[in-house]
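These are the residues of each chain, in order.
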Amino acid sequence: MLIMRGTIRFPEFTANVDVSAPLSGIVGLFGPSGHGKTTLLRLASGLERGTDCYVEHDGEIWQDDRNGIFVQPHKRRIGFVFQDSRLFPHLSAGGNLDYAAKRANPGRADPTRGQIVDMLDLAPLLHRRVEELSGGEAQRVAIGRALVSRPRLLLMDEPLSSLDIRRKMEILPYIERVREEMDIPVLYVTHSLDELSRLADHVLLIRNGGVAAEGSVPEVMQRMDLGPMLGRFEAGVILEGPVLAQDADFSMTDLAIGKQVLRMPNIDAEPGTMVRIRVRARDVSIAVEEPVGLSIRNALRARISDIVLEDGAFAEILLDLDGFGLRARVTRESVALLKLEAGMNVYALIKSSAIDRRLIPGGGKRRI
Amino acid sequence: MSPGDLSAILLTLKLAGATSVILVLIGTPLAWWLSHTRSRLRWIIEPAVALPLVLPPTVLGFYLLILLGPAGAIGGAWVQLTGETLAFSFSGLLIASVIYSLPFAVQPLQTAFQSVGTRHMEAAATLGASPLDAFMTVASPIAIRGYITAAVLTFAHTVGEFGVVLMVGGNIPEKTRVISIAIFEHVETLSYTEAHRLSIGLLIFSFLVLMAVTILHRRAPVRAG
Chain P
170 MLIMRGTIRF
180 PEFTANVDVS
190 APLSGIVGLF
200 GPSGHGKTTL
210 LRLASGLERG
220 TDCYVEHDGE
230 IWQDDRNGIF
240 VQPHKRRIGF
250 VFQDSRLFPH
260 LSAGGNLDYA
270 AKRANPGRAD
280 PTRGQIVDML
290 DLAPLLHRRV
300 EELSGGEAQR
310 VAIGRALVSR
320 PRLLLMDEPL
330 SSLDIRRKME
340 ILPYIERVRE
350 EMDIPVLYVT
360 HSLDELSRLA
370 DHVLLIRNGG
380 VAAEGSVPEV
390 MQRMDLGPML
400 GRFEAGVILE
410 GPVLAQDADF
420 SMTDLAIGKQ
430 VLRMPNIDAE
440 PGTMVRIRVR
450 ARDVSIAVEE
460 PVGLSIRNAL
470 RARISDIVLE
480 DGAFAEILLD
490 LDGFGLRARV
500 TRESVALLKL
510 EAGMNVYALI
520 KSSAIDRRLI
530 PGGGKRRI
Chain R
21 MSPGDLSAIL
31 LTLKLAGATS
41 VILVLIGTPL
51 AWWLSHTRSR
61 LRWIIEPAVA
71 LPLVLPPTVL
81 GFYLLILLGP
91 AGAIGGAWVQ
101 LTGETLAFSF
111 SGLLIASVIY
121 SLPFAVQPLQ
131 TAFQSVGTRH
141 MEAAATLGAS
151 PLDAFMTVAS
161 PIAIRGYITA
171 AVLTFAHTVG
181 EFGVVLMVGG
191 NIPEKTRVIS
201 IAIFEHVETL
211 SYTEAHRLSI
221 GLLIFSFLVL
231 MAVTILHRRA
241 PVRAG
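Chains P and R, in that order, give the protein sequences. With our numbering applied, the first sequence covers 170 to 537. With our numbering applied, the second sequence covers 21 to 245.
FYI, nobody ran anything at the bench for these hints, they're computed from the structure. Each hint should be verified, as a subset may be incorrect.
Selected chain R positions facing chain P (in silico; Cβ < 10 Å) [as the list claims (entries may be wrong)]: (1) P151; (2) D153; (3) S200.
Straight-line alpha carbon distances no greater than 25 Å define the calculated DMTMM-like cross-link-like pairs of lysine to aspartate or glutamate that follow [unchecked claim]: (4) P/K508 with P/E458; (5) P/K271 with R/D153; (6) P/K271 with R/E205; (7) R/K34 with R/E205; (8) P/K244 with R/D153; (9) P/K271 with P/D221; (10) P/K244 with P/D221; (11) P/K271 with P/D234; (12) P/K520 with P/E383; (13) P/K244 with R/E142; (14) P/K271 with P/D352; (15) P/K520 with P/D352.
As the structure is a prediction and not an experimental result, all values here were calculated from the model. Just so you know, even glycine gets a beta-carbon here, dropped at the ideal spot from N, CA and C.
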């Protein structure tokens, strides 16, 4: 476990930090900007001191202000991937890796520089000067540099946020490889649901420096009470299920969600591959009877588990779809006219074209 | 050229070279501190460093003369230690030059360190580099332009000083008579040809130095960022 407690002063507010993060796989620190996610990483790395703080990593105390303990950042054996790559401009890309290799953790034998170069396909970049790298390439080198130092813990601070969508898509598979091939726990700060749903094994939802909710990605996304936090536009859930079949004629893919079938525009994955998709609340409608003659092909049986009426025109409805949570955003008027209430069996209409294709993880990585 | 002028030139080069080396050594930690500290002490130290820019050289020279003289705090101690006086000696001249040229070393370094910022130092720390290691292997190479500018400006400024040298060093051939003093003496004795020879040399030298600094700032890779 990584345990952090203490007080951090921000320009606008003071936050009491109390975070315990598991140290396995990729742990996503998720939440809106300005809620102290980056500061948590800086506290973990020792780049930020805070006030009266306590930081413990895997049983080892890194900071304990009450007892005057503070382990300097360079002695913590952590890797840090910054939002801006922070590659050293006076060295080549390869020189940056060498810099890390020279000071690498002597307590571990691997990964070696060569392994990292292979894993992240860095060989063609090594001789280049830092300013000749594209944003995506620079970030890849920065990830490689952090790994070459053989850290016990890798901290990644929104490593993709300065990149455009295409560059992000280029790098995501590499971060997935880090997860698959390296035995290094990762704390990954992001405010992007895309990255979170694709990468994280465990999520801590960060609000005011503290953990508002935690759990697996689908679990956290289903929490109705977190809706306003995630933002209206982003409100939705993550569904996870295996690919059942591909329909080549119409380029459609069948996914098993619970006991039902969700038909999606073509997902490039073998049958049996687990995929995650994100369904936004605003793309889910509700019918009280099985609909006919609709262009929406997905009408899944679900039970209403909760209805939250908002002040304005809208209401959020939490549905139970064979054990999966699903959120629907409808008008209050519809709730009244259809006499919707908790416990009712309804049909959830999911517009398949609305599902953002970027959210679909690359095939073959998560087999059942 | 007379042997006197030649020795004045050699003495000037020796003084300027030694001043540059000492000032880069002293100026580096001072500039680093000024560019990173949040201590209120900087509101005193920073203007104190800049003082020689605005103070008449005679004022500075006057106080240095008192301080370095056999009755002064430093000069007295020096006499006890070495048996020689600081005032009107090369060592005294060197101390005066170091103080007089301090801002010319500190300010370019401070600017360079400020533009390096803390970003790369933090990255180095997370890669296992101690603060000193990170300073030597990351901040200094990135700030290399600041070092060159500091050394060149210090050198040139020391070559061009007059007032402080006259006050502290006087005009002793082969000990404290530098080029600018030699020119002054040539003019005093109406030896205009000799004065011309040295003056035009200094003029060309100064111009070339400033040109080199300008080109350096335009051409050298901008590395901060």
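Now the hints, each set against the structure:
Checking R/P151 against chain P by beta carbon gives a least distance of about 8 Å; that is within 10 Å, so the hint holds. About 8 Å separates the beta-carbon of R/D153 from the nearest beta-carbon of chain P, less than 10 Å, and the hint is met. Because the closest C-beta pair between R/S200 and chain P is about 38 Å apart, greater than 10 Å, the hint is violated. Distance hint between P/K508 and P/E458 is fulfilled; the C-alpha atoms sit about 13 Å from each other, no more than 25 Å.
Between P/K271 and R/D153, the direct Cα distance comes to roughly 12 Å. Compliance with the 25 Å bound is thereby established for this hinted pair. Simply put, P/K271 and R/E205 have alpha-carbon atoms about 59 Å apart, too far for the 25 Å limit, and the pair is violated. In summary, the hint linking R/K34 to R/E205 is supported, as the alpha carbons are separated by about 20 Å, within the 25 Å threshold. Annotation: proposed proximity of P/K244 to R/D153 holds, straight-line Cα distance about 13 Å (limit 25 Å).
Between the alpha carbons of P/K271 and P/D221 the distance comes to roughly 34 Å, so the proposed pair goes past 25 Å and is violated. At roughly 21 Å between alpha-carbon atoms, P/K244 and P/D221 fall within 25 Å of each other, so this suggested pair holds. Of the supplied pair hints, the one linking P/K271 and P/D234 is violated, its CA atoms being roughly 31 Å apart against a limit of 25 Å. With a CA separation close to 29 Å, the supplied pair P/K520 and P/E383 exceeds the 25 Å bound.
At most 25 Å may separate the alpha-carbon atoms for a hinted pair to count; P/K244 and R/E142 meet this at roughly 13 Å. Between the alpha carbons of P/K271 and P/D352 the distance comes to roughly 21 Å, so the proposed pair stays at or under 25 Å and holds. As the CA atoms of P/K520 and P/D352 are separated by approximately 39 Å, the hinted pair breaks the 25 Å bound.
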